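Please put together the full structure from these sequences, using the hints given.
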Amino acid sequence: MNGYSYVFSGIDMMEMNYIGWANYLSQVIMKNPERPELSKELEESFCSTDPTVARQFAIATFFSDNREDVLKVTVPSLILQCSDDAIAPIEVGRYMHRTLSESTLYLMEATGHCPHVSHPEETVRLINKYLTTTFVGYTSNG
1 MNGYSYVFSG IDMMEMNYIG WANYLSQVIM KNPERPELSK ELEESFCSTD PTVARQFAIA
61 TFFSDNREDV LKVTVPSLIL QCSDDAIAPI EVGRYMHRTL SESTLYLMEA TGHCPHVSHP
121 EETVRLINKY LTTTFVGYTS NG
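full-length UniProt numbering applies: residue 1 is where the sequence shown begins, and numbers increase by one.
Just so you know, the hints here were simulated from the structure itself, not pulled from any lab data.
Quick list of the computed label-pair ranges, beta carbon to beta carbon: (1) V136 with E44: 40 to 50 Å; (2) I19 with Q56: 14 to 24 Å; (3) R94 with K72: 11 to 21 Å; (4) T133 with R94: 17 to 27 Å; (5) A86 with N17: 11 to 21 Å; (6) I19 with V92: 26 to 36 Å; (7) T133 with V92: 17 to 27 Å; (8) E15 with S45: 16 to 26 Å; (9) K129 with T74: 18 to 28 Å; (10) L71 with N17: 32 to 42 Å.
Every value quoted in this text rests on a predicted model; they were computed, and no experiment measured them.
Glycine included, each C-beta is placed from N, C-alpha and C at the ideal position.
Below, the structure is given as structure tokens:
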């Protein structure tokens, strides 16, 4: 199944069975089956969102193409790429790294799409590493 049919079927599922969609997608996004409480927390967050708003957000997110905008980015950028992410696979991180001229790519041990939730220690460690190695001696005009 290509990426587009996955998205279309996800939007269809959202309209037919919002609770089922929230349950399914929360597990796909978190991708930490050994910690089901994380998927449950995300599912509850989805279920507390108005389905109409969630659908509009999903369409805007999955059907937007911002590759031209990425070419305009001129600031140093950190890319934290999870090792197994169904929403943004490793190829996406590599593309962003190739395209963003001043980027740093860290491939994380974390899995899923929300490392700040599932692996906060690794996330903080890599952000700190980036800040201390990239911005040593950096001064801002702001």
